Amino acid sequence: MDNLTGFFSALVSPDFPFVRNAFFAGALSSILFGLLGSVVTVKRIASLAGAISHAVLGGIGIALYLSATGKVPSLSPMVGAIVFALLSALLIGTASLKSKQREDTVIQAIWAIGMSIGVLFMAKTPGYSDPSSYLFGNILLISTQDLWLLLSLDVVVILLIWRYYEQIEATAFDEEFAQVRGIPTRMVFLVILAVTAIAVVLLQTFVGIVMVIAMLTLPAGTAGFGARNLASMMVASTIYSFIFSTAGLGAGWVLDAPVGAMVVVIAGLFYLSVLLANVLRKRRRRA
Amino acid sequence: MRDLPIAMKFSAVSFSYPHLDVLSDVSFHFHSGEFIALVGPNGSGKTTLLKLILGLEEPQQGVVELLGHPPKRSRSLIGYVPQHASYDPSFPISVGEVVRMGVVDGTVKGKKRQDDVVIKALSLVQMEGLVDRPYSELSGGQRRRVLVARALVGEPAMLILDEPTANMDRESERRLYDTLAHLKGETTILIVTHDMRQVSSLVDRVFCIDALNETTGARTVIQHPLEDVDDGTKRVLHEMAIPADQCWQEAQLG
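Chains as they are written, first to last, in this note's numbering: chain A, 1 to 287; chain B, 288 to 541.
Next comes chain B alone, as it looks inside the complex (with noise of 0.2 Å):
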């Protein structure tokens, strides 16, 4: 897995807005095809985390690498699942057309409609089926489900999902996670959460967002120590929420 190239690295990265210091001095990478977790408590800062990677925020110190190359240039690449997608239950849409804009240019006109591949994307959630149903009629987890094959439809070098299971139903949060056991190995993939119970049999590594810094004000990102399980394989806390605070506590103890 090491061996393979760097798929995201953030270098010595502070970042604030106004008034409030967000992330001081973070640094850490992962490769391509690794399957991260990032957790951390509410308001902690992994959304911003997240804007940073895409370059949605600029950092005010030092430097983020997605693919290689600044975020702007590279973001195009990557299948992004945000955890409050703004939505409009009076915006009049199909399920399908929601999908396709996952494989839409920033500034070229699409060559057709591309039914196919938004097809196999919804097939990838399991709602192949519901192609033309409005998108208001939807659950909030199949909402959510099909912001995953939005994201998975223009077949992306690495899938970002930001709280994808938060005030999800337990079906919709099952099919989601079979999903993602599918694509393990051939996508890189970052999830953020807080939960780490269902994600914990999947994850590589796991990424922290650590203890308020007294003296900087803001947080940085350390690697969660991993636990040895008996099969000599190596586990992240299985079957346990991780707060932040523990997070620190473990990163001290270990």
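Next up, chain A with everything else stripped away, as it sits in the complex (with noise of 0.2 Å):
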């Protein structure tokens, strides 16, 4: 109990700025992973979603490598995940649309592939860089810097989604209808794709590549048990992300244990415990 008084008292210490940038984090990112993972869940697209975020170390390695060796001195490992997102996604979005069959196939073999290359390029960088940050997160490394791209892309994600909200409705149920309506269902598809793969970036600060798409999907499937419509999922989903980042963030503290992994456990819990509740509902009503 001493320890959860002493983290409520972190968070508002300015000693801490820490533990508040955490917070803070975990409250902006609530929003990204509410509305697109809910996005992402309707459309059935969370394997691609996935292979962007584990392609992401590809460039991550590569900046590093660039940056460490003089070749681009000072450049940025955000801005190597950048490129690798977008690519991985320009990728996977022309496999999905132009040849359904071979898409389980592209989708493994970016994921393989970018990985790989950030572990190659990570053991030829000299000095001492760890992967195990990028792929776990790490809420120290969390600066005022990404806060503000994270408030940036949640403005840029509201507004599309509120904009275009019938639209991503319309596609994600049923595309073919979508398409006799006139809406532009390929555009709508790599946008999302887009979109979500820079979120991914910026998302991995706070619980890693490996968990992104956790709570990419296990927020929105909670939600999506009792949502009655798509707006209805995406704020449930936002506002259950909150909880399970503020508490990963307690638990974490507590603990003295890795916020980014104590965030999707509970996350992870909590969803099977909620599809395990259904599951038995269901049944008695059955009986």
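Bear in mind the hints are in silico, worked out from the structure with no lab data behind them. Model, not experiment: these values are computed from the prediction. Every residue, glycine too, gets a C-beta built ideally from N, C-alpha and C. A hint or two may mislead.
Stated by the list, open to error - Residues of chain A placed beyond 10 Å of chain B at every Cβ, according to the derived structure:
#1 Ser76
#2 Gly224
#3 Ser232
Claimed, not checked - Which residues of chain A face chain B? A few of them, derived with a C-beta cut under 10 Å, are:
#4 Val157
#5 Ile158
#6 Trp162
#7 Tyr164
#8 Glu166
#9 Asp174
#10 Ala178
#11 Ala223
#12 Arg228
#13 Met233
#14 Arg284
Hints in hand, dock the two standalone chains.
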């Protein structure tokens, strides 16, 4: 209990700016997890988002290598990550639109190649570069600049979804019908992928590359059980994400454990309990 | 009827998927206000033909005109009821919201919720009481009728239904045909079916996907002969299903 009180006083204390930054990062991430996660879930492109998030490591590795070897001095890993995220989104998007049969293979290939490139370049980077802080996130690394970037992307995503909600909903529900209605469904799909790609890069500072995809699917999946429509799924899933992030941050502080992993474990356990409760309720109704 | 404008016209259209020829040299047309049935066995290319009409596929040869324009320009005037509407039971959505998709614009934000239009479309398929019900709680037949309402909500110039009664319960089927009978004359209707029993009293003309042509490896479309009935009207093979082979045989005989 003392520890928990300690967490709350750290949250407001000027001596621990990183705790406050982590809290704000969690709050700002929740909006992306909630809104984009719902879209990714109903559009059934979670595996595409997973491939993009893992391929990002390739860009990070190359950027670290180029900057450490002085070939491109002070190149931020974030720049490499965004380039790789968009590139893999474009490749996966094209494969998905042009050749549905090979979509799975392409997704797996990009997933694996991206990560391998990252590992190779990091190994050849002079000095010490540890992939694990990128894989599993490190809240100590969250800067004020990261927070501003998250906030900007939040605003962009909220505006896009507010403006094109009907088109996104129709495309996710029945793509062919949406196309007949004159909705540019391919464009909608590619924009969703591109925005998700950029979001993945910003979000991985909080929970890490490996676990971004969990936070894009678990809160939305949890919200999906009770939601009446896509909009309420988005709102509920944002609230769930915020609760999971804050609880994970608190638990991480109290138990002195990695926050990203803590957040995902809490989200996962909660999702599984809701799933179980739903299965039991359906059984009882049938009996 | 023949004086009315042409609603849909195929001129020497050929279409093939990679490694599979489907349609070869197809020419036919029908007029506004007609009730048209398109028949043929499974896998003969009926759905492909609809995709060409809706501009979801492009022909390699020939021209498709829909309401006097290329399909991509005029297809938003069509009310389309797909055969296999992709359906994810975990998609959270109400019946009313599904119907409202029938008036969604390509890129423009909708003005209002347009609740009265939605209720009116649902009442056409006798489902206005279920507007707030989750779509996933409906039976298969009810879902199909909701999709008909979604097609009707925009007051389309033409209605295209792809096997609307497949896997439908009797009650839903009867109600759907009531709706179509009610719309006949007001709206151009193209229905794809392999069972002519139910629609034959409504249909003005029947088009048939022809038997496989040995030389081209693809099929074309022929108009089915109508049979005379005692009261002087014409009917299409009442009370029986038309397999494609028969279609072809009768074209030979007729």
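Verification of the hints:
no.: 1; hint: Ser76; result: holds (35 Å)
no.: 2; hint: Gly224; result: violated (6 Å)
no.: 3; hint: Ser232; result: violated (7 Å)
no.: 4; hint: Val157; result: violated (16 Å)
no.: 5; hint: Ile158; result: violated (14 Å)
no.: 6; hint: Trp162; result: holds (9 Å)
no.: 7; hint: Tyr164; result: holds (8 Å)
no.: 8; hint: Glu166; result: holds (5 Å)
no.: 9; hint: Asp174; result: holds (6 Å)
no.: 10; hint: Ala178; result: holds (7 Å)
no.: 11; hint: Ala223; result: holds (8 Å)
no.: 12; hint: Arg228; result: holds (6 Å)
no.: 13; hint: Met233; result: holds (5 Å)
no.: 14; hint: Arg284; result: violated (17 Å)
In this structure, the hints that do not hold are numbers 2, 3, 4, 5, 14, in rising order.
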